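Chains as they are written, first to last, in the UniProt record's numbering: chain A, 1 to 1005; chain B, 1 to 1005.
Derived by calculation from the structure, the hints in this document are not laboratory data.
These numbers were taken from a predicted model, which means no experiment stands behind them.
Watch out, some of these pointers could steer you wrong.
The list treats identical chains as one, so a pair stands whether inside a single copy or across any two.
[What the hints assert, rightly or not] Heads up, simulated DSBU-like pairs for lysine-lysine below, C-alpha to C-alpha not over 35 angstroms straight-line: (1) K882 / K623; (2) K319 / K623; (3) K742 / K554; (4) K46 / K623; (5) K846 / K742; (6) K158 / K265; (7) K857 / K182; (8) K133 / K380; (9) K882 / K554; (10) K554 / K879; (11) K506 / K882; (12) K180 / K554; (13) K133 / K623; (14) K133 / K742.
Chain by chain, the residues run as shown.
2 protein chains.
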Amino acid sequence: MTTDFSSLDPRIITRGREFFNSISGESPSVFNKGWWTGKVMDWAMKNEDFKVQMFRFVDVLPYLNTSESLSRHIEEYFATEDSNIPDVLKWGATKTKIGGGLVAKVLNKTIRSNIESMARQFIIGQVSKEAVKGIKKLRKDGFTFVLDLLGEATVSEKESAAYLDGYLEVLTAIQSEVHKWKPLEVSSGDLDWGHAPKVNVAVKPSAFYSQSKPVDMEGTAEGMLERIEPVYRKVMEMGGFMCIDMESLKYKEATVELYKRLRTKYPEYPHLGIVFQAYLKSVDNDVRDLLNWSREKNLPASIRLVKGAYWDYETVMAKQNGWEVPVWTHKPESDMAYERVARMILENSDICHFACASHNIRTISAVLEMATAMGVPEEKYEFQVLYGMAEPVRKGLKNVAKRVRLYCPYGDLLPGMAYLVRRLLENTANESFLKQTFADEADMDRLLENPEVTLRRQLEGKCIVPEANEGLARFQNYPIVDFTIAEERAAYPEAIARLRSSLGKKIPLYINGKDVETSDMLDSYNPANPEEVIGSVCQAGVGEVDDAVEAASKAYLTWRDVSPAERAEVLLKAAQYLKDNIHDLCAVQILEVGKQWEQAQADIGEAIDFMEYYAREMIRLGKPRRMGHAPGEMSHLFYQGKGVAAVIAPWNFPLAISVGMVSAAIVSGCPVVYKPAGISSCVGHGLVKMWKAAGLPDGVFNYCPGRGAVVGDHLVDHPDVAVIAFTGSMEVGLRIQERAAKVQPGQQQCKKVIAEMGGKNATIIDDDADLDEAVLGVLYSAFGFQGQKCSACSRVIVLDAIYDRFVERLTEAAKSVKLGPAENPANYMGPVVDRAAQENVLRYVKIAEEEGQLLVKLEASADLRATGGCYVPLTIVEKIAKDHRIAQEEVFGPILAVMRAGDMDEALDIANSTRFALTGAIYTRSPAHLERAANEFRVGNLYLNKPSVGAMVERHAFGGFKMSGVGSKSGGPDYLLQFLDPRLVCENTIRRGFAPIEEGDDWLS
Amino acid sequence: MTTDFSSLDPRIITRGREFFNSISGESPSVFNKGWWTGKVMDWAMKNEDFKVQMFRFVDVLPYLNTSESLSRHIEEYFATEDSNIPDVLKWGATKTKIGGGLVAKVLNKTIRSNIESMARQFIIGQVSKEAVKGIKKLRKDGFTFVLDLLGEATVSEKESAAYLDGYLEVLTAIQSEVHKWKPLEVSSGDLDWGHAPKVNVAVKPSAFYSQSKPVDMEGTAEGMLERIEPVYRKVMEMGGFMCIDMESLKYKEATVELYKRLRTKYPEYPHLGIVFQAYLKSVDNDVRDLLNWSREKNLPASIRLVKGAYWDYETVMAKQNGWEVPVWTHKPESDMAYERVARMILENSDICHFACASHNIRTISAVLEMATAMGVPEEKYEFQVLYGMAEPVRKGLKNVAKRVRLYCPYGDLLPGMAYLVRRLLENTANESFLKQTFADEADMDRLLENPEVTLRRQLEGKCIVPEANEGLARFQNYPIVDFTIAEERAAYPEAIARLRSSLGKKIPLYINGKDVETSDMLDSYNPANPEEVIGSVCQAGVGEVDDAVEAASKAYLTWRDVSPAERAEVLLKAAQYLKDNIHDLCAVQILEVGKQWEQAQADIGEAIDFMEYYAREMIRLGKPRRMGHAPGEMSHLFYQGKGVAAVIAPWNFPLAISVGMVSAAIVSGCPVVYKPAGISSCVGHGLVKMWKAAGLPDGVFNYCPGRGAVVGDHLVDHPDVAVIAFTGSMEVGLRIQERAAKVQPGQQQCKKVIAEMGGKNATIIDDDADLDEAVLGVLYSAFGFQGQKCSACSRVIVLDAIYDRFVERLTEAAKSVKLGPAENPANYMGPVVDRAAQENVLRYVKIAEEEGQLLVKLEASADLRATGGCYVPLTIVEKIAKDHRIAQEEVFGPILAVMRAGDMDEALDIANSTRFALTGAIYTRSPAHLERAANEFRVGNLYLNKPSVGAMVERHAFGGFKMSGVGSKSGGPDYLLQFLDPRLVCENTIRRGFAPIEEGDDWLS
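Turn these sequences into a full structure, and let the hints guide you.
Right under this line is the structure:
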């Protein structure tokens, strides 16, 4: 069946014109300026700043439970001079203190009720009774419905279960009413029309399974299936229809898989649907695959096609993570894809029912014309619009197509506000068809034109200006691993298997370009299975350290004079080596230190970033800077590497931190003697291979694992060491600083110590925090990689007003996670790094239990513990005061102390009350508290509404002060300076009274 | 007598046209492209780079005594691809190694003889016999002469004496011939014409007195007089004329004074003249003053008016020193001034003879017309042109004016090359009348137009674009003191007298905004007169130090949060206080530590510079920097002051270094406990007054002088001190670093130590160095402020080939200087700072005498020593090897070790052979050696063809590495970072999947 669709265009436009004419003069209620909502929409469309503030305010509103809190937020969000702000808000924002609060109370009530009524406009009911009533009214108007239970973010299995219960409850309520509803088309028997059941629900699968994650596609699909099946059974019992909604891209694959499993499990029941999003560049393939599958399995399908509601999110995430943007970047491209895919579905109408979900009259007209042209039976397609939106469109649709279904959200106003924000955004976006049609009153022909034409016009005159660069592109972080890509998921087990086939080898030292073996050896083992030896690592003695320092000293004499650009080039080659071997490198970390897949990848990615960044930094710093402007002299400041650098690295970011310190030294012109942590010496040996691959000259990098007690002080004391770069515990760091400050006989320079040490990091949960984000953020900060990060959150400081809600959700979320070996991606947390770490953490668990009150002590299963793995329980205690040991001492394990604060003053006081100042986080939606935290939460890296872990090179240049370090920031613009001595050369250019004129001279004006 | 000169213009132009016509088709030999000189001139005018290289090569040529050296320089200067370079040079530059050096030898000979013949073109003879012969020939052609002996730079009294002898010798030679010369106008009796004697010489007064300096105007004038008087007596004996030439502006006042004294001393002898330069903005006043003086004293004068030959030099010096540019910045302004002043002189022809020295036909025509219009007798004016230049002009002049005198340099080719460079520049400058007339063949009318008209045209369309700045102008160094200003010279004795009237006061501590007195006191005395007590300084004990640290700690809590701009504002106010009180502040230094006037002023100026610079730096660093470009997050890096800073200051730059360290801390948000050196605590107390005047809050600055043994360690060990900024000896610096690295009970942060320590600085003298500059540079670096600078030169490494010449000149130069109290500006060197320093230096003088061979041991006079002043001899020893103590240990006094090096390799090896790496200098005119030194002479501050002392803020950001310091640079862009902890705040700006778009986001392309 082929139809020449290009010839359809005139008919589509004609039909579109008729459509417009049929609704002429009507406007969606949301744009009605007589109402508060309409005013707000109007202001939001006129003023981008107000829009941001307004939508953020709407988002936080449900959390503002006291009049004081509401007043404060209104003031913080809206007390500006901007005349575009609705009077009632402005007045409310500035006058809340008048009249002893009475005025404020009245105003607050007005504002709250206005916004709540805005939300109600889009929501069919807050309780099931209301929903049923609303449905009845819709049906009376000739529309049918699809019901959606609000509340997407479930952070625990308890919440997922509650969500399931909510569905069952509303279905039961409908069940008792449905028999009273007459079909919309009498001819259809018990169905509304064709084969459309009267009952129709939509489910968002990720909400049913709190542990959904792309890396664990199988577990996610199974987890979703387990919870959604009861809903589906109930729907089937009622003879209804269930549609599986599509959420953000990361759940797409699991969602399709869920559909297939459910469809296969109940092959006889036809009323199951799925949604595809036309804004995804993959939509053509995705829909084609599903249609092929349906045909192959002979399992007819139903597809709702939407444009997609997560465009901002998908774009931002892709940009933040370094992924290719998965959505079309021009709106007409989505419209084109929609028409293309709609045609594909219609062409397969024999095995697929089509639900056309769009408010765009061009799109609707195109679907109608294509269906007509292809002779698709009417019962094979229907139209869907959102409840409370685009009333003229639904009216027009009813006129022409009859089969119109309204998508009806139902549920609490709290999740309802999030829904409201999304709808407001949709209505006010510049590219919104609704805004263009009803608010901007754009030209009808433009609105109806073929999106291909629109796109061509938009692209015309747009020339892509390549970013300015001097040979080297601007620094970009290495992409976060994208587990929606099946190949990525497959690569890990393969790499681990490869590694397993060659474990336990002897690992030599590497000094002056040669492997050196020693008799003293140390085994490195898998913490999940201490029987499994990763490698037997030769241990340097004092003699080998001396050899290494000598080799480095010799190399210094030439390496310091290699040009910055050439040194940078070596780093870029090394970075390429890491990119080329990333999965194998991940495998070593997964087995040697128990890193989860994505954490391992992030570690390698960070190592790459360090080299890509420091290479560029050295090129920047390597350009001599002219100082002053005096004519007759030419003065230049430039830098020289200080000398031999001893790098003493930790095991927790075994490649990233090692490579960071080592490459900074090397690119600065300082040859390195590298002592990896004993626990991660196999990972550390990766640097040998890396520098060899990069072609680094002999002696510039020397790999020198060794027992701290034997060679640690010796290396630090060595008179020929100029720089010591250390990351590790405070105790060791301070010892190094003290020893390094003592000048040894023959020492030629003052030693520079770069020390990054511990943290006792806090996260503050304000009483207006978005708990959906805060709970998951704290959980990840505290227990990611078993809490073995200097940046890990070990104290969560919760404001009184939100304490119970937060703690309850956090506790349940923690109890929902899985413990087990890192190599299984289903596990959230694995064993700690070794037996000593296990003993230390268990000691602190005991202290925590003594000092506070246990909330969670989640143990690994008895089976796992029986394997001898270094497991410790995921532990959360509350009732911790700021002078408790568990609130002051760094544990480096999965123990979280919950602390209660009366107000923000107290919270900040607690947060700042340790010797450390490394990282911190705050979750708040109060603009004033964000600003206060930025100023007064005094740590090296503070994150606002973000977890305190996962610092990325450059973006989150990392490092703390006080006893957390010496105030440098790795991955930041001042880092390399620590390895460099500045030199200045000033030439007097006057000879015989004559000075050549140079650019930049302050000569004559 | 008034004449309407505007009406003269048409006549001037007419006369000019006639002049041009009379010489039509002729061209100066220097532009004759058939000759080598003409070719070179042509290339130089076409290519600015070649011009610079060529003239520099000419300058160095006399030093290239071996074929190898000549070949190497030709290659370094000319081995480029530039097709504009004369073939013979290019060929010589690239092919010198061909043919076993034979080709090179031939080429070298050609090049050398070509350049020497260029020089000979402008020089009448190298020996007196030649000169006399040349003069005879000139007279035959109808020209008369003024003879000038080349060799301006005399660095010692011996050289000055030799210069005088040279004059006497040539005069004697002329004396034996002059009777044979017939007068040019037979009517004139024994004179050439009018009252013009046949013998005429010019003298450059500064060359006759090596200790000339503006600050010692009286001494300079007397010194010049003493030496020139014998010449004048000889001239008078011969019935000749002597003209006192005008050199650079700094000698102007002394030169005029010299003229007046000589003229007054021999009132009856009329044949004495003086020169004025029309390019000086002061020329009108200067000439008017002299004419008035002549009339008043009834001592007729003779003035030669020139445009001026030091335009580049005067401009560059003014710009480098922060002075108003003293010369006109547009060429027509000089031409206008010339005509204006010429008129003034002609108006006074009754008491002043006028020598019009110009090659500009417009100028000449104007003078002729003015003189004619005013009826000035012909014998009252004459014309002068340079020998070997502008032959057509002299020919034309002879036609119209007859009385034409040629300015004839005579003497060795070595100083002759310097003269040649100046002439070449004059001929090739774009604004040169000769170039425009004979090389560019500019339009005659343009060349003859009234310079006022030319200026108007040049200024048209030029709009002054003010420099972009954000409220604050770009940093500029505070001007170097300009002692040509009489008020400046007068201000010092006045300020010293004021200070003397109130010496010996009790000086309290200053803690938390209050004066605090102690019972322990220490007197500070004048090193030139230890009886003279400057102040009795209260000495802090441990208790006062604790109080000060406590006050600072308290102040920290608020001061750190004061905005960077506000903190900067306080520094700017403090800088203003210093500017307003500069002479009084200088006086304290002059008496308390024995600083010479200009050194004291430079110290205050540097203090001002530090504050002006750090204020701007903090504003720069105070702006949070966005990190990364990810949409959906906003990440900012900013800085926070580390905490309380202990500042431990030295006495040698008692205000500058104190203010530098203190103000850096304060502007960074770190309150200060300041311990000045005991020796300079009165200067240090100036900071109390300064910060009070600037309105600094209490507790942010605390003045805490104290005995090192009592409070030094205590302050360093204090747990509440976060930063220690120290400048002083290596021993103390290392002790501080070691102690500070030990964490004390209660200590909250790792201490940061900023230590600037010693130096053992070398200056290399290459075999092609310009010794005129090198000798004076080394002398100043080694003995300025008695060598008591960490930047002082204490080793001079001289290449074999130039060793004898350099050492001879250096020795004589050193022997020529005066020793005595710093308050007398005639003295080059004063006493060292105190009795202990005196004893230390005397110990090292003994060591130097033992290790090497004494060249100079210049003692203060017995009278001075009898006063008990802390005098030590100015000492120079040679035959010092690199392992000698005097080559390795810092003395901090006026002892200079001379070391011999076979070649540049050895010189660099010696230079780098100490534990220190602070400053260094090299004098060389080899481009390759300049580059080598820049790379391989590894010190913090390296100066090429400049003294190693006198670093200026920003331009010469100062500090060394190895044992000279920790690798920071005061007055440089990284300095403040040391007082700051970086903080990063990253906000997740996504809410509900929606992120506001920020500028700089890496959103969609």
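Hints versus structure:
For the homomeric pair K882 and K623, the shortest alpha-carbon distance between copies (34 angstroms) is at most 35 angstroms, but the shortest distance inside one copy (49 angstroms) is not. In this homomeric assembly, K319 and K623 come within 35 angstroms of each other (Cα to Cα) both inside a single copy, at 31 angstroms, and across copies, at 26 angstroms. Proximity of K742 to K554 under the C-alpha cut-off of 35 angstroms is found in both arrangements, the shortest distances being 23 angstroms within a copy and 32 angstroms between copies. When the C-alpha separation of K46 and K623 is checked against a cutoff of 35 angstroms, the pair qualifies only between copies, where the shortest distance is 31 angstroms, while the shortest distance within a copy is 47 angstroms.
For a Cα distance limit of 35 angstroms, the shortest separation of K846 from K742 across copies, 32 angstroms, qualifies, whereas the shortest one inside one copy, 40 angstroms, does not. Taking identical chains as interchangeable, the C-alpha atoms of K158 and K265 lie at most 35 angstroms apart only when both belong to the same chain, with a minimum of 26 angstroms there against 113 angstroms between chains. Taking identical chains as interchangeable, the C-alpha atoms of K857 and K182 are never at most 35 angstroms apart, the minima being 55 angstroms within one chain and 122 angstroms between chains. For the identical chains of this complex, K133 and K380 are intra-copy neighbours only, at 29 angstroms inside a copy versus 121 angstroms across copies, given an alpha-carbon limit of 35 angstroms.
For a Cα distance limit of 35 angstroms, the shortest separation of K882 from K554 across copies, 22 angstroms, qualifies, whereas the shortest one inside one copy, 51 angstroms, does not. When the C-alpha separation of K554 and K879 is checked against a cutoff of 35 angstroms, the pair qualifies only between copies, where the shortest distance is 32 angstroms, while the shortest distance within a copy is 58 angstroms. Taking identical chains as interchangeable, the C-alpha atoms of K506 and K882 are never at most 35 angstroms apart, the minima being 47 angstroms within one chain and 49 angstroms between chains. In this assembly of identical chains, K180 and K554 lie within 35 angstroms of each other by CA distance neither inside one copy nor across copies; the values are 92 angstroms within and 77 angstroms between.
In this homomeric assembly, K133 and K623 never come within 35 angstroms of each other (Cα to Cα): the closest approach is 73 angstroms inside a single copy and 58 angstroms across copies. Taking identical chains as interchangeable, the C-alpha atoms of K133 and K742 are never at most 35 angstroms apart, the minima being 82 angstroms within one chain and 75 angstroms between chains.
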